[in-house]
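Undergrad: Here is what each chain is made of, one letter per residue.
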Amino acid sequence: GENVEQHPSTLSVQEGDSAVIKCTYSDSASNYFPWYKQELGKRPQLIIDIRSNVGEKKDQRIAVTLNKTAKHFSLHITETQPEDSAVYFCAEEDSNYQLIWGAGTKLIIKP
Amino acid sequence: NAGVTQTPKFRVLKTGQSMTLLCAQDMNHEYMYWYRQDPGMGLRLIHYSVGEGTTAKGEVPDGYNVSRLKKQNFLLGLESAAPSQTSVYFCASSPSGVSYNEQFFGPGTRLTVL
Numbered sequence: 001g002e003n004v005e006q007h008p009s010t011l012s013v014q015e016g017d018s019a020v021i022k023c024t025y026s027d028s029a030s031n032y033f034p035w036y037k038q039e040l041g042k043r044p045q046l047i048i049d050i051r052s053n054v055g056e057k058k059d060q061r062i063a064v065t066l067n068k069t070a071k072h073f074s075l076h077i078t079e080t081q082p083e084d085s086a087v088y089f090c091a092e093e094d095s096n097y098q099l100i101w102g103a104g105t106k107l108i109i110k111p
Numbered sequence: 001n002a003g004v005t006q007t008p009k010f011r012v013l014k015t016g017q018s019m020t021l022l023c024a025q026d027m028n029h030e031y032m033y034w035y036r037q038d039p040g041m042g043l044r045l046i047h048y049s050v051g052e053g054t055t056a057k058g059e060v061p062d063g064y065n066v067s068r069l070k071k072q073n074f075l076l077g078l079e080s081a082a083p084s085q086t087s088v089y090f091c092a093s094s095p096s097g098v099s100y101n102e103q104f105f106g107p108g109t110r111l112t113v114l
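If you're matching them up, the sequences are chains A and B in order.
Once you know that position 50 of the first sequence is 50 in the working numbering, the rest is easy, because the numbers rise by one and skip nothing.
Once you know that position 24 of the second sequence is 24 in the working numbering, the rest is easy, because the numbers rise by one and skip nothing.
Misleading hints may appear alongside valid ones.
[Said to hold, decoys possible] Selected chain A positions facing chain B (Cβ under 8 angstroms, derived; list incomplete): (1) R43; (2) L46; (3) L66; (4) Q98; (5) W101; (6) G104.
Note that these hints are calculated values from the structure, not bench results.
None of these values were measured; they are calculated from a predicted model.
By construction, the Cβ of each residue, glycine as well, lies at the ideal position given by its N, Cα and C atoms.
With these hints in hand, go ahead and build the complete structure from the sequences.
TA: Following this line, the structure appears as structure tokens:
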């Protein structure tokens, strides 16, 4: 069946440095790839998404890139800050418009 | 505007007991979802609903039942709880099943089955 692999499972970066999280997917027909952020003890919330007709999307310090040929997409966070510490989930939308989720990446920002 | 709410926030059950989790949304969303979240496994879809009176199975439906009698409410039932159902349960809603729709999550219910 369809699945999404997310790497790394844990990422520790120095405050101010950049962080990159990568996901690969199996369904070549997928057209929508959102990223959700879940702070400790809180609910997941959408932070950015990308559709298959574009290769990159930016929103301030956050960007997402998509390579449909290789079937992978990545989340880039620049100038990391303490409030970026959280678990990040990628997902792909299947043919029934349901989301298939990655296992999550715990991002730790070191002061 | 409360968004998506869940009741209860915490619950401890003994093996074999039953319970119902309630999800409510005030955004007039058509689609509603129940997920479970376990460490290292991300979010797994249990059941979902595409509108009032409809339900459908997700990735891990065994041991759970759902009902959507009113558009704003989505109930998740455990008829005979098992320790393997210890998890955090999240409800979510979205405007419709049409592509590119954001899912809005509730605060979660932490369930422990002893």
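Undergrad: Hints first: check each against the structure and report whether it holds.
TA: Cross-check of the supplied hints:
Of the supplied interface hints, the one on R43 (chain A) holds, with its beta-carbon coming within about 4 angstroms of a beta-carbon of chain B, less than 8 angstroms. The restraint placing L46 (chain A) at the interface with chain B holds, with a minimum CB-CB distance near 5 angstroms, inside the 8 angstroms limit. The criterion of a C-beta within 8 angstroms of any C-beta in chain B is not met by L66 (chain A), whose closest approach is roughly 14 angstroms, and the hint is violated. For Q98 (chain A), the shortest C-beta to C-beta distance to chain B is roughly 6 angstroms, which falls under 8 angstroms, so the interface hint holds.
Contact between W101 (chain A) and chain B, as hinted, is supported at the beta carbon level, the nearest pair being about 4 angstroms apart and thus within 8 angstroms. Annotation: interface hint on G104 (chain A) holds; nearest CB of chain B at approximately 5 angstroms, less than 8 angstroms.
Of the hints listed earlier, the one the structure fails to meet is number 3.
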